[in-house]
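If you're matching them up, the sequences are chains R and U in order. Just so you know, the working numbering puts 304 at position 298 of the first sequence, and the rest follows in order with no gaps. Just so you know, the working numbering puts 38 at position 37 of the second sequence, and the rest follows in order with no gaps.
Hints are computed from structural coordinates only; laboratory data are not their basis. Heads up, the beta-carbon is just placed ideally off N, CA and C, and yes, glycines get one too. Honestly, I wouldn't trust all of these hints.
[Unchecked claim] Simulated restraints, written as ranges between beta carbons of each label pair:
#	chain 1	residue 1	chain 2	residue 2	range
1	U	Gln67	R	Ser186	52 to 58 Å
2	U	Gly261	R	Ala150	52 to 58 Å
3	U	Lys119	R	Glu182	54 to 60 Å
4	U	Arg79	R	Glu196	33 to 39 Å
5	U	Gly261	R	Lys363	52 to 58 Å
6	R	Arg371	U	Asp188	52 to 58 Å
7	R	Lys331	U	Val4	36 to 42 Å
8	R	Glu323	U	Ser189	51 to 57 Å
9	R	Phe122	U	Lys119	21 to 27 Å
10	U	Thr105	R	Lys363	35 to 41 Å
[To be verified] Selected chain R positions facing chain U (Cβ under 7 Å, derived; list incomplete):
#	residue
11	Lys115
12	Lys272
13	Gly279
14	His338
15	Val339
16	Ile342
17	Ile349
18	Ser353
19	Lys356
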Amino acid sequence: MAALATGGATPSDGATSFQRKVPASSRLAAIAGTRPSVRHGQLLLSSGLPSLDCVLGGGLAVGTLLLIEEDKYGIYSNLLFKYFLAEGIVCGHNLFVASAKEDPADILKELPAPLFDDVHKNQVDEKETAIKSKQESQESMKIAWRYQNLPKMEVSPAASARFGHYYDVSKTVSPELLKSIKWHRFFLPEEMSLHPEIKTCNMTCGYTRLLQSIQRIIYQEGFDGSYPQKKQKNILRIGIQSLGSVLWGDDICCTDNPEDIFSLTKFLYVLRGLLRMSLSACIITVPAHLIQNKAIMERVTNLSDTVVGLESFIGSERETNPLYKDYQGLIHVHQIPRLNSLICDVSGTKDLAFRLKRKQFTIERLHLPPDLSDTVSRSSKQDLAESTKLLSSGCGAMAIGKKHLDF
Amino acid sequence: MFVELNELLNASPERPEQGKLTLLRDTKTDGSFLVHHFLSFYLKAGCKVCFVALLQSFSHYNIIAQKLGVSLTAAKERGQLVFLEGLKSCFDVFFGEEQHVGQTNPLQFVSKDGSNLKTMYEFVRTSLMASGSDSWKCPVLLVDDLSVLLSLGVRPVDVLDFIHYCRVAVCSQLKGNIVVLVHSNDDSEDEENELVVNSLCHQSNLILWAEGLATGFCKDVHGQLKIIQKGSSELKAEKNLLRIYQYKIQDKNVTFFARGMSAAVL
Numbered sequence: 007m008a009a010l011a012t013g014g015a016t017p018s019d020g021a022t023s024f025q026r027k028v029p030a031s032s033r034l035a036a037i038a039g040t041r042p043s044v045r046h047g048q049l050l051l052s053s054g055l056p057s058l059d060c061v062l063g064g065g066l067a068v069g070t071l072l073l074i075e076e077d078k079y080g081i082y083s084n085l086l087f088k089y090f091l092a093e094g095i096v097c098g099h100n101l102f103v104a105s106a107k108e109d110p111a112d113i114l115k116e117l118p119a120p121l122f123d124d125v126h127k128n129q130v131d132e133k134e135t136a137i138k139s140k141q142e143s144q145e146s147m148k149i150a151w152r153y154q155n156l157p158k159m160e161v162s163p164a165a166s167a168r169f170g171h172y173y174d175v176s177k178t179v180s181p182e183l184l185k186s187i188k189w190h191r192f193f194l195p196e197e198m199s200l201h202p203e204i205k206t207c208n209m210t211c212g213y214t215r216l217l218q219s220i221q222r223i224i225y226q227e228g229f230d231g232s233y234p235q236k237k238q239k240n241i242l243r244i245g246i247q248s249l250g251s252v253l254w255g256d257d258i259c260c261t262d263n264p265e266d267i268f269s270l271t272k273f274l275y276v277l278r279g280l281l282r283m284s285l286s287a288c289i290i291t292v293p294a295h296l297i298q299n300k301a302i303m304e305r306v307t308n309l310s311d312t313v314v315g316l317e318s319f320i321g322s323e324r325e326t327n328p329l330y331k332d333y334q335g336l337i338h339v340h341q342i343p344r345l346n347s348l349i350c351d352v353s354g355t356k357d358l359a360f361r362l363k364r365k366q367f368t369i370e371r372l373h374l375p376p377d378l379s380d381t382v383s384r385s386s387k388q389d390l391a392e393s394t395k396l397l398s399s400g401c402g403a404m405a406i407g408k409k410h411l412d413f
Numbered sequence: 002m003f004v005e006l007n008e009l010l011n012a013s014p015e016r017p018e019q020g021k022l023t024l025l026r027d028t029k030t031d032g033s034f035l036v037h038h039f040l041s042f043y044l045k046a047g048c049k050v051c052f053v054a055l056l057q058s059f060s061h062y063n064i065i066a067q068k069l070g071v072s073l074t075a076a077k078e079r080g081q082l083v084f085l086e087g088l089k090s091c092f093d094v095f096f097g098e099e100q101h102v103g104q105t106n107p108l109q110f111v112s113k114d115g116s117n118l119k120t121m122y123e124f125v126r127t128s129l130m131a132s133g134s135d136s137w138k139c140p141v142l143l144v145d146d147l148s149v150l151l152s153l154g155v156r157p158v159d160v161l162d163f164i165h166y167c168r169v170a171v172c173s174q175l176k177g178n179i180v181v182l183v184h185s186n187d188d189s190e191d192e193e194n195e196l197v198v199n200s201l202c203h204q205s206n207l208i209l210w211a212e213g214l215a216t217g218f219c220k221d222v223h224g225q226l227k228i229i230q231k232g233s234s235e236l237k238a239e240k241n242l243l244r245i246y247q248y249k250i251q252d253k254n255v256t257f258f259a260r261g262m263s264a265a266v267l
């Protein structure tokens, strides 16, 4: 991980000569917007979504890569991308935004506005009171008392922490807040026009330039510890949009036998080296559903740290299925890294669905609603059985037959 | 070093075996705990270890090794451990200045078109060659993990050539051991990877195969481990010995138990 120079403890005020031995982890936590992990002392960042942080075991570790497999129309993966960058703005981190289709300045202008505590308390929202009353009723569950101790994936918006914020998707971030942070851009069409063609390491030209640009920023701004005298350390949040798509000059999304299948994996490998040696974290969205050669996606998964796949219900037959009426899509957590430890904090539930409200993007355990139909109609029961069969079970396929058992 | 795994393999740090190729294989789960086991096992046994770590940084292995009772920095200082940090070497190749002829970065193959692993083999050979002042026992080559090489543009036949050369140098000439980690998947579409894995399965003396449970995720049983020991003599055509255990990974240890005998159930 990033090797930070941790010198001896220094007293905060010069009055006392008593020096408490400060453990290294609390020294590292002095960076805004981060907190050390309970399990392995690694610095964690918020991904912008408190419920996603919960699923990932506390947050995204500094020096790692979060890979999002895009949903079919890229709507929700784009939203996660924006949440990640917006969280960087609120915490005061530096941003590096790379895209091949949208100008990074436009991306930043459209980031959702953060919700701060006082603003939120003033607005009376039905959902809020509903959640609060649910919390109160949970204190004394009389009938469903067995469920009292179940961990809640959803974090109530009223209890906002300094780690992880909530955003209002209907509003955009204020320009003053944008001006207050330092950000860097990489827009592929303008980079390609600036410099002549170069091709090193047999990687697609766009990837090479992007890596060089990232490395330059990390080196110049001192994220790799090359300026130890700089007191205030900061985090660089890197966001790369739609990597692997045709706009980056890579043809893995077009054909089954692409010309160069190693560009993307080599890029990810060099990027991994860059991330590990600097105080940064990266989010990449990949149009995985377009990549026809599945071997590439397997290799990409092995080279990434955290891999989350999104599956939205738009356009599929699940959109009108009454089972899923509350949710907009499913989330599959394919991989969580084991950093500095033999184990990782894997959440117990594998069936996760997400729901987007104006002020909250929640990730919840997918519940099947109770079957309260009076008439035992064969067609509806068959529907339910088919849908339950489609629920993923983590590793391995579930052995469920087609027939719905009628007792 | 996990004590229970040593008992299962009938191995002990006092008398490590020699001339063996051990294949670590994982399917649908992370088998890197086996790498940490062998790293600390051979360091405790007093062997000279060359560790080709392609996927993680040095501090990651160091922190976990400390939990298992071995210090990698101390081992490096006294010359027992030669650590190749793949991520750093690749960074040097990619962002460093133009290399002159005769330079020796082991990951040189990333920059050129060729998928020649010769420089990496030379690195392994020179680091494990016994020098006069060394008092270490048999040399060991540890690779984590081999599937990454395929992602970097190396052809499967070159990967197999590399392993073959290493076996000749390390196993038969220097009477040492090789431990290699690969990823595999039953329904994988990565044919090159499956080719390498199948070929290594035939060549290796011991296969440790960590799999996720077929029934899905479980909090108390993290997976199952298949131990396949090849028959010792090819002439007698002995059958391979296959044993299956389930395991649970804890912070500093991994417990192994017979199938269905997890502590949560008993």
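Cross-check of the supplied hints:
no.: 1; hint: U/Gln67 with R/Ser186: 52 to 58 Å; result: violated, 41 Å
no.: 2; hint: U/Gly261 with R/Ala150: 52 to 58 Å; result: violated, 32 Å
no.: 3; hint: U/Lys119 with R/Glu182: 54 to 60 Å; result: holds, 58 Å
no.: 4; hint: U/Arg79 with R/Glu196: 33 to 39 Å; result: violated, 53 Å
no.: 5; hint: U/Gly261 with R/Lys363: 52 to 58 Å; result: violated, 45 Å
no.: 6; hint: R/Arg371 with U/Asp188: 52 to 58 Å; result: violated, 27 Å
no.: 7; hint: R/Lys331 with U/Val4: 36 to 42 Å; result: violated, 53 Å
no.: 8; hint: R/Glu323 with U/Ser189: 51 to 57 Å; result: violated, 29 Å
no.: 9; hint: R/Phe122 with U/Lys119: 21 to 27 Å; result: violated, 59 Å
no.: 10; hint: U/Thr105 with R/Lys363: 35 to 41 Å; result: violated, 58 Å
no.: 11; hint: Lys115; result: violated, 32 Å
no.: 12; hint: Lys272; result: holds, 6 Å
no.: 13; hint: Gly279; result: holds, 4 Å
no.: 14; hint: His338; result: violated, 12 Å
no.: 15; hint: Val339; result: violated, 11 Å
no.: 16; hint: Ile342; result: violated, 9 Å
no.: 17; hint: Ile349; result: holds, 5 Å
no.: 18; hint: Ser353; result: violated, 10 Å
no.: 19; hint: Lys356; result: holds, 6 Å
Of the numbered hints listed earlier, those contradicted by the structure are 1, 2, 4, 5, 6, 7, 8, 9, 10, 11, 14, 15, 16 and 18.
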